[in-house]
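Protein sequence lines, in the order shown, are assigned to chains A and B.
Each residue of the first sequence is one higher than the one before, counting from 1 in this note's numbering.
Each residue of the second sequence is one higher than the one before, counting from 1 in this note's numbering.
These are calculated hints, taken from the structure and not from any lab test.
Each hint should be verified, as a subset may be incorrect.
Residues from chain A shown here face chain B by an in silico Cβ test under 10 Å; the list is partial [claimed, not checked]:
{"id": "1", "residue": "R169"}
{"id": "2", "residue": "L173"}
{"id": "3", "residue": "P395"}
{"id": "4", "residue": "A398"}
{"id": "5", "residue": "F424"}
{"id": "6", "residue": "M448"}
{"id": "7", "residue": "T452"}
{"id": "8", "residue": "A456"}
{"id": "9", "residue": "G465"}
{"id": "10", "residue": "F468"}
{"id": "11", "residue": "Y507"}
{"id": "12", "residue": "T539"}
{"id": "13", "residue": "C587"}
{"id": "14", "residue": "A603"}
Just so you have them, the derived chain B footprint on chain A, three or more residues with Cβ under 8 Å [stated by the list, open to error]:
{"id": "15", "region": "408-422"}
{"id": "16", "region": "425-432"}
{"id": "17", "region": "605-613"}
The beta-carbon is built from N, C-alpha and C at its ideal position, and this holds for glycine as well.
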Amino acid sequence: MDVGSGPSLIAVLYGAGALSALLARWSGPLAIRIGHLAALAGAVVAASVALDTLLGDPGRSIIEPLPVLFPFARLSLSIDGLSAYFLLVISLVAIAAAVYGPTYLRVYSPGAGSAAQGVQTFALNMFLASMSFLCCAGDALTFLFCWEGMTLASYVLVVSDHRSGDNERAGLLYLVMAHGGTALLLAAFLALTERAGAFDFASLRAAASSLDPATRTTLFFMALGGFAVKAGVVPLHVWLPRAHPAAPSHVSALMSGVMLKVAIYGILRFAFDLLAPVSGPLPPSWGWVVLFVGTTSAVLGVLYALQQHDLKRLLAFHSVENIGIILIGVGLAMILWRSDEASGALATLALTAALLHTANHAAFKGLLFLGAGSVLARTHVRNMEELGGLARRMPWTAGLFLLGAIAISALPPLNGFVSEWLTFQALLGGATRVHGPGGLVIVMSAAMLALTGGLAAACFAKAFGVTFLGRPRTLHAEHATEVPIPMIAGMAWLGSVCVALGVAPGYLVALLDAPTATLLHGPVASAVVTARGPLVLSTALTSSGETATSISMTVIAALLAGLAVAAWALRRGVGRAARRDAPTWTCGMSPSSRFDYTATAFAKPLRLVFEALYRPRRQVTRETAGTPYVLRRIHYAGEVVDLAETQVYHRVVEEVSALSQRIRARSTGSIYGYIGFVLGALFVALLLIGITYR
Amino acid sequence: MTGDRPLELVLLELTLLVLLGPLVTGAIQKMKARLQCRQGAGVLQPYRDLAKLLRKGTVQADTASGFFWAIPILVLASTVAAGALVPVARLGPPGFPLGDAVMLLGLLALARFLTAIGALDAGGAFGGMGASREMTVAPLVEPVLMMVVFSTAVAAGTTELGALAAHRGTSWFLAWRAADFLGFAAMLVLLPAETGRIPVDNPDTHLELTMLHEGMLLEHSGPGLGCMMLASHTRQIVTLGLVAALFFPVTPMGGSGALALLLGVGSFAVKVGVLVVFLALVESSYAKLRLFRVPQYLGVGFVCALVALALRIL
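Next comes chain B alone, as it looks inside the complex (with noise of 0.2 Å):
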């Protein structure tokens, strides 16, 4: 199988989504401050915290073991291997095997494994809340995902997501089956869940009665925070890449010069921005679920995905 998507292209589909990562989750601050009636600052500033934190010092817990300094290391690097397996520029499966959709929520449940251990480790109360808290959300998210991507993977014949995008890639909207839209539907209900967004998780306070996430990253600081928030980022865009794979697999037109990358790159943007609206749009919209009602609102999206499911192998 001759790829179409050689070494060169994933590293730098790789580079682009960490570089434009922290763009994302600017640009979702920005309309949410917008819709609030509020200046709110700029699509950049996540970009200057990142700066800034790379330039502070640390202060570690005194209680912490040596994982504590690996941690944000590990977070990272798995969040950004993650980034390997989404398509951006083109479609099509890597020249090289890599690994697939099952791999990449592997990749993204190691993340978060190990961060939720981290939070442990300072043996502060608010850490191991947000651990507690996120590895009770993530087991109940993990499996719709995996039935989304099965949906679609059903009729592909493929988990491979290039491969799996590409054989979805002569059909547009238009020629959306029901199973599709179920499928879709139940994506849009997890994306917040997987994002760590209203009316899951509340990325912007760390108040205790919210975080899930937040409250992990509580004893990090300075470049060690700095990992895990980019970390964050990356996992946001990595997810969006996900749903623009599986459910918008279109690109202009087929070609390799550079400018079909470019505008591969341009419509990838696209896709994203309108899942950046949509999550922003949620976000202003909803109030955060009380955590006990998280399981029922899964819920919604676990039988849009069964039934999606099952109008494929019936």
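Same shape as in the complex, but just chain A (with noise of 0.2 Å):
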């Protein structure tokens, strides 16, 4: 296939894909079958064309021209490294969605109306569509366009689920604080478009080139609250936990896996490609500061998804967790990132950290979602508070889940441990070349990120064991069957991802060659980690590389192997005598659901360690018979807030309504009045853009 015509015809596949769904509206099965089956010959040609172009030559890029749709701006597409990358992450997860999706819209919502499906399968593809095209954007009005396009369809996806009446208010909630982030990144590329007086990234760049520092500095983090928002970075992140479990569930493993991504996208092209100076560092405010909100995620993040029951809602507060070690590598890649070439190595070891948990992140969280979905499909319960036993009713589910739940505890032989042991290794390089208070804040972020690795498990424990293992606590568990074999098919792929990125990650490696060529113009990703061959992670410390570390992902996982099989000739036993069952001791009663050990139950000892944090509250009534000593019934209600949420979110609408209030009371309603307002206003403008522009 000529790579020229990829992005053509993934436009071509999307397109028909969501037209057909609309065309086909009248009958819904038919508008999902076709509608998904287009999105994922899209999902794989963009696959292919983001391989072609990983494998290439790292340098390349390909630059393709769109229609002339305005008259003052030339749209074009330019795909090279990083957007092949990114094309690649969305692709994988896009396939186990189109696969996944239309078996489980059939099973969990078989009583939609046709003409709901057809505009969810239309919703899907424009969101696939313009979140690829994102990543190839050439120019800035492509890039908002296809910005604006992923907000819009994913909204309509958010709110298609009427059946619960929170699903609007999530959506307009989402709706606007994404707004709010488009208004700032909006304002971002339109003060470098009017600088360059042209839209393409090749005029932005050359314009910036030629910025003060504080201008340049005042755009980055114009630019970071934009995408902060999208990638639902602590305080920004309240939309987000709300909005990711509404939508159907393997959307929400796009939305989650792959849509925030999309924010980090944006950070990486608009911080080193466009707004980079053309020689020197960085500067130093902008790493540290991402590297501060990304340790402040990543903790605050783990920390509320362990009191979520919700199984959707805590794999949301995961993403926030899963964004901040993202950002952690990526705001060390801009601390660290220099001319010289050792610490350039340290750069791109930072930024390949962070960019392969970017693709791990996409496949654990996807297979999770989808994990999630298939529960959700079989009982219709995400509280999993009433679900339990499901492993035994489920097997496949349950063990894709537990895969999931392993990769993204961070632990070895999968792929979430191979990207924090490089981001490790890349802060503990960072120590050693930050001396200083620098050097300890980079330390801290090491220790955070160790406290997150142990508190993911630690939710994992919980939300596999909860929801699949002991007995079912309610009916809707006690009668789930086994998901039909396409939603397994979409999860067991994503399953293989993650073992294939975990054994042999050297592979995935190799891929980011382009990207950090791109971006860093230093030495590349399989130089600076798998200079000892694929099969092998090794990194240096020390500028001098004599004393590096290396660990095999592949020998450990064989290693494994065959220490499992010994371990399983011991489990046998010498004696081979006869396994009975019995029921489990339970003091002398007879065992019900109600000696199983609930979430929330599991989670308490950790709520009142980090009591300071959660504030948790407590209510507890009890009921009882005359006398105090006689109980009848003692009700418990627990519940932990967001912080962010208390402490910054309510009290901006406190104040908002209080200012509103004042402002009413001066509102006469006499229309003189108001043409003074409006003079007073026009006033107050044209003095200040006298003294700007003085």
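Combine the two chains into a complex, taking the hints into account.
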């Protein structure tokens, strides 16, 4: 296939999927099937275009002019290494979603109207297309168009399930916050295009090179704010745990696994490519701020995830955590990026860690959301306190969910460990390079990363244990059955990606050569990380590179497999005595599901340890029979509130409503008064312009 | 990079660690008994227990899923795999890329995660309680342990344990700097937590108020319990080996003959022996902490480790 025609083929396929879903909306199942088939084809083509670009010459990029839509701007697509890598990540999850989606929609909501199903499928195709082309945008206008398309398409998907009124509120919150972010982005991009006089990235780059440091930093932070809303960085994350669970599960997988990454793409493109000074390092404030917000998001994200009992909400909070881990790598790369060779290697290491975690998180978070979707499709319950015992009823889903849980908890031998290991190495290298208090900040960040990993393991022991193990707590869970094969296939695809990226990560690192070369112009990823062959990860913390650390995930996986065989022999025992099944000992009472540890109970010790961050609310009411010594019933209600919501958002809302009350007192209803206000505002605006452009 | 420890040696060290693991537990138990003026069981008692468990039949909870049977296998395999990363007889990096200290902690965390999963499977309240407490303490221990590892790794420029030990091998106690003392102090604080001993956990009782790790093993029986016990013996000696590699990386002499290897093993035994005495003394002279005091206890370790690291990089 000629790569040059790739983008148009992707556009045709996604467009065909969207259109046919709309046209075929008289028959829901048909619309769903055609639309998802087209999406699958589009994702496969996109993945092959991305792979072709990544495996080719690192410096190469495809530039494709788009039809002239506006007289004032020439639109174009440009696929370089960075675009291709994110396109690949998007397509990997899109394939799983397209395989999983049709069956999921049929099983979970058979009663949905065919028009609704047509619109859902239309929005899915538009969502995938706008994410893919956003990463391939060659100019600011295409970028912003796709950005807006992505927001609107995902909004439609979030509110597409009418059965719960919460979804509409979640969608509204999402729309408002996303547009706040878009406004910031728009301002940042327009400030650049105004200087450049054109919209294409090459002109923007040229215009940015003549910026003074203060403007450059202001523009960066505006764009960072805009991207951070989409990425769900604390404290801008409040929409995320509401909106992501509301969407159909395969769309949740795309939103959490991929859409957040598009914001990471935006940060990387804007900071390293468009805005970076021609010579010399990035301004130090950029990297430190990104490192700080990354660390905060990682820790707070996992802490709040621990106290969630809604399976999909828990996963959504984990996305906040993982975006934080990615931003730790990005921030470190910003701090360490210098023109000289040795630091360049460390910056490459940090960026490689971040990019690798991007792909890894897409794979395991996609897998986990699809697993949660399978549970939801069969039980119609998201609260894990009402589940339990599903491993016996849905063994494939349980096994694949466990795989994802091990991967996200950063445990070897799966892929989550690989990127966390690289992040640790980058942090350690950074700590030795950056002396003084900065080094200590980096070290604290490493400690917080270790804490995050441990808490994630605790959280997923809870999520997996309470949902899948023990006894079923309700009839919903009792009567669950395994999901159909296409849904298992969607999960198995992402599960195999997790295993492959865990056992042989070197092959993905080779694909990172092009993006690292595009952004850092220094040593490429494979020269830094897989210098000793694709099966070995090695890093040098010191500039001499003499005492390098090398690990091999492949050897460790082989060792684990070999030892498991030996342990299996031991497990069978010597005497081969028969196995008996007996009820669990529950101190003499007859065993029931009430003896199973609940999610609330499991997370209680950590809730008490981190009380300062949770501010848990607890309400216990006792119903007594006349005397306080005879209890009839105890009612317990517990809740953990998001600190960002109570401390930031509620206060802002209070302030705003207080302000508007005060303004209301001034509005007399007299037309002269209003004309006076308008004149005053005009005067102030002119005054400001006069001062600025003096 | 030509490694100092070829494959045969790594496998030999691995086998040695697994075989000696129960002996360490036995020695601690014996010493505790003597300190409490009891006769105590012989030091070989853990071996007898294991042999007996392997011959027994299994009783499994009727609600348990298919995972439950596999949990002991996976826990034992990942714990023993962590043992492959600890240098025993000779220092220096292995002849082939294997894993580093972060990988070691990761493998131990994997074993712990799987143990907790297994505890939730039987559907009893005790298993859940043990799992919940273990998974509360573990995330607090991990960052501190990582900081201790980093405080030595920053000096050596690598996190590979064998290479790290070889780099520090020239310095002995007299050459220790303040950072070493603080890091070692942090490590001593962590040691009872990581090996599941008083004042954090009590390995001797199955009382619901005290149990963390033991609570998770309640539903295992027969060979499965044997595997879990062997895994916890191995975990203990691996942790002691980690301390030895980080802080006492001293071998009597170089050379590569059989005598040098024997001396290396002997010195490893001495180092582990010193730590065994420490653990037995701590266990006999302190009471178990309340669960919610443990974070404060670990906080002491965290401060020590942080200051050690600060001294290294500032």
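Hint check results:
1. Because the beta carbon of R169/A sits about 33 Å from the nearest beta carbon in chain B, more than 10 Å, this interface hint is broken.
2. For L173/A, the suggested interface contact is broken, since its CB lies about 31 Å from the closest CB of chain B, more than 10 Å.
3. The criterion of a C-beta within 10 Å of any C-beta in chain B is met by P395/A, whose closest approach is roughly 6 Å, and the hint holds.
4. The beta carbon of A398/A comes within 7 Å of a beta carbon in chain B, closer than 10 Å, and the hint placing it at the interface holds.
5. The beta carbon of F424/A comes within 6 Å of a beta carbon in chain B, closer than 10 Å, and the hint placing it at the interface holds.
6. Taking 10 Å as the C-beta cut-off, the interface hint given for M448/A holds, the closest approach to chain B being about 7 Å.
7. With a least beta-carbon distance of about 8 Å to chain B, the hint placing T452/A at the interface is held under the 10 Å criterion.
8. Interface hint status for A456/A: upheld, as the beta-carbon distance to the closest one in chain B is roughly 8 Å, under 10 Å.
9. A hinted interface residue such as G465/A counts as satisfied when its beta carbon comes closer than 10 Å to some beta carbon of chain B; here the least separation is about 3 Å, so the hint holds.
10. For F468/A, the suggested interface contact is upheld, since its CB lies about 7 Å from the closest CB of chain B, less than 10 Å.
11. Hint status for Y507/A relative to chain B: violated, with the closest Cβ pair at about 16 Å, above 10 Å.
12. The interface hint given for T539/A is met, as the beta carbon of that residue sits about 9 Å from the closest beta carbon of chain B, less than 10 Å.
13. Given hint, C587/A at the interface with chain B, holds; its Cβ is 9 Å from that chain's nearest Cβ, closer than 10 Å.
14. Taking 10 Å as the C-beta contact cut-off toward chain B, the hint placing A603/A at the interface holds, the least distance being around 8 Å.
15. Chain B is given as covering the region 408-422 of chain A, and this holds because 6 residues of the stretch bring a CB closer than 8 Å to a CB of that chain, at least three being needed.
16. For the region 425-432 of chain A, the stated coverage by chain B is satisfied: 4 residues place a CB nearer than 8 Å to a CB of that chain, which reaches the threshold of 3.
17. Counting residues of the region 605-613 of chain A whose C-beta sits closer than 8 Å to any C-beta of chain B gives 4, which meets the bar of three, so the coverage hint holds.
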